[in-house]
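*Asks:* Sequence:
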Amino acid sequence: MSSHLLSLAIWVPILGALLVFVAGSERRATARWLALAVALAGLLVTIPLFTGFDRTQAGMQFVELSPWVGAFRINYFLGVDGISMLFILLNSFITVLVVLAGWQVIEEKQAQYMGAFLIMSGLMNGIFSALDGILFYVFFEASLIPMYLIIGIWGGPNRVYAALKFFLYTLLGSLLMLVAFIYLYLQSHTFNLLEWHQLRLDFIPQLLIFIAFLLSFAVKVPMWPVHTWLPDAHVEAPTGGSVVLAAIALKLGAYGFVRFSLPIVPDAAHYAAPMMIGLSLIAIIYIGFVAIVQADMKKLVAYSSVSHMGFVTLGFFIFNTLGVEGALVQMISHGFVSGAMFLCIGVMYDRVHSRQIADYGGVVNTMPKFAALFLFFAMANSGLPATSGFVGEFMVIMGAVRFNFWTGFAAAITLILGAAYTLWMYKRVVFGAVANDHVAEMSDINAREFLVLGLLAVAVLAMGLYPFPFTDVMHASVDNLLRHVATSKLL
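Numbering of the sequence shown is given in our numbering, commencing with residue 1 and proceeding in unit increments.
Derived from the structure by calculation, the hints contain no laboratory data.
A quick note: this is a predicted structure, and the numbers were derived from the prediction, not measured.
Among these hints, one or two may not hold up.
What the hints assert, rightly or not - Here are the simulated distance ranges between beta carbons:
1. LEU168 to VAL105: 20 to 30 Å
2. ALA419 to HIS189: 49 to 59 Å
3. LEU186 to ARG27: 46 to 56 Å
4. GLU108 to GLY59: 46 to 56 Å
5. ASP444 to ALA41: 23 to 33 Å
6. ILE282 to VAL22: 47 to 57 Å
7. ALA273 to ALA419: 20 to 30 Å
8. PRO157 to PHE450: 29 to 39 Å
9. LEU18 to GLU108: 18 to 28 Å
10. ILE282 to PRO157: 29 to 39 Å
11. ALA486 to ASN158: 42 to 52 Å
12. TYR466 to ASN446: 26 to 36 Å
13. ALA433 to GLN356: 10 to 20 Å
14. PRO368 to ASP437: 14 to 24 Å
What the hints assert, rightly or not - Computed list of lysine to aspartate or glutamate pairs in EDC-like fashion (alpha-carbon distance at most 16 Å, straight line):
15. LYS427 to ASP296
16. LYS427 to ASP359
17. LYS369 to ASP444
Built from N, CA and C at the ideal position, the CB exists for glycine as well.
Turn these sequences into a full structure, and let the hints guide you.
*Replies:* This is the structure in structure tokens:
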């Protein structure tokens, strides 16, 4: 069974979604419970990936290889290392929470809503485990479709505009990635990603391939200045859509850098590092200031995601172990914290139907349990020690200081900015006297909402207090990656 765990992680949610469509299209209760069962099954089949993982090995594990299109040497080729395995677990965990979060909120086309998230979960697992270029591209492009439908059908008033902007931005970059894949195939006569890692390309082709990858993955992260689709998509997406977008979809671009850009074109990556570091610092600092002035809570958290993901790209391009591991830890942590922040905003939106900070005030008086959990996640978003939000950022700052003191100093500024925009929003929304009748009528979180937020709180606290299981899993793979990048360097 262990040799097919990755296939199960991909196809259990996708085939389960088809079952939800058929059995739950007329019965909402059936759709909900069936979707939850499928999501839990999808999570359970990924747990042996962690428990059975050999932490001493840097190579791919749980490998599956079957011919797909023999004429072009395209294979159904799956495998995970210490870098990718954690994201499959994160994705499957978040999917369970998203199903629970939409339990009572979604009233129309509930089976289709649940099924879209399950399909997306399976496709995301495919992206993180694909070791064939075309297989990766198919999963990468296919994941756009369910998110496009989630925003376009269940989103806000401007949902069609936001969905189209999201789709076009990401599709355009992906086409350039496909061109790079075709060039690599012509050079190697294979789409095998591991063989691409061994290619020795001249500098100019490397640079052009790096640019193609950059234009594809930077949009997904999203890096400044191609981040403008993200606030629109978040504001219009339903709560579950925002959670998956922030917790999982943004990680695809960063994963692309560490899986494709660094090992395949290392010389170009070193050459472009100053530019990538500069863009990352702009995202960290400038977008932090942009977040401060937002009046919409979702937009504020969306911009904070751009700032936090700036740490990820910064960590990758300083080329040391602390930086890369810190960036990967930050990706996992951001999945927990940003997902929790969007769920908290969703809890309030379900009661008041507004995301404007000015429409709230004094929420702690009517929702004390919610206010306590929201405060915890706000602190984690600010990088409070003992939360997961601190660990990744601290590791990246330490790695940046080793690389260059002033780079680390500039990155550390965001710890102040993160606290400023997050806690100022929290103060205006939660503290003070009850602001209006809508706030006065708000009821505290129910058992289902408490369960969803409580599970995320446990994850954030556990990772903050004891990050070793996460860093231990990735250490051998990160060291192997950095050795490969260093020995391939020709400059």
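*Asks:* The structure should be examined with respect to each hint, and the outcome stated for every one.
*Replies:* Status of each hint after checking the structure:
In this structure the hint that LEU168 and VAL105 lie 20 to 30 Å apart at CB holds, the actual value being about 28 Å. Look at ALA419 against HIS189: about 53 Å separates their beta carbons, and that is inside 49 to 59 Å. The hinted range of 46 to 56 Å is satisfied by LEU186 and ARG27, whose Cβ atoms lie roughly 52 Å apart. Hint check: GLU108 to GLY59, Cβ distance near 47 Å, so the stated range 46 to 56 Å holds.
Distance hint check for ASP444 and ALA41: the Cβ-Cβ separation is about 32 Å, which falls inside the suggested range of 23 to 33 Å. Judged by the Cβ atoms, the range 47 to 57 Å given for ILE282 and VAL22 holds: they are separated by roughly 48 Å. The given range of 20 to 30 Å is respected by ALA273 and ALA419, whose C-beta atoms sit roughly 29 Å from each other. Taking the beta carbon of each, PRO157 and PHE450 are about 30 Å apart, inside 29 to 39 Å as hinted.
Between LEU18 and GLU108 the CB atoms are about 20 Å apart, so this pair conforms to the stated range of 18 to 28 Å. For the pair ILE282 and PRO157, the supplied restraint of 29 to 39 Å holds, since their beta-carbon distance comes to about 31 Å. Against the hinted window of 42 to 52 Å, the Cβ-Cβ separation of ALA486 and ASN158 comes to about 47 Å, which satisfies the hint. Hint check: TYR466 to ASN446, Cβ distance near 30 Å, so the stated range 26 to 36 Å holds.
Between ALA433 and GLN356 the beta carbon distance is about 18 Å. The supplied range of 10 to 20 Å therefore holds. Checked against the hint of 14 to 24 Å, the C-beta distance between PRO368 and ASP437 comes to roughly 19 Å, which is consistent with it. With a C-alpha separation of about 14 Å, the suggested pairing of LYS427 with ASP296 holds against the 16 Å cut-off. The straight-line distance between the Cα atoms of LYS427 and ASP359 is roughly 13 Å, inside the 16 Å bound, and the hint therefore holds.
Of the pairs offered as hints, the one joining LYS369 and ASP444 holds, with about 7 Å between alpha carbons and a cut-off of 16 Å not exceeded.
Checked against the numbered hints above, the structure violates none of them.
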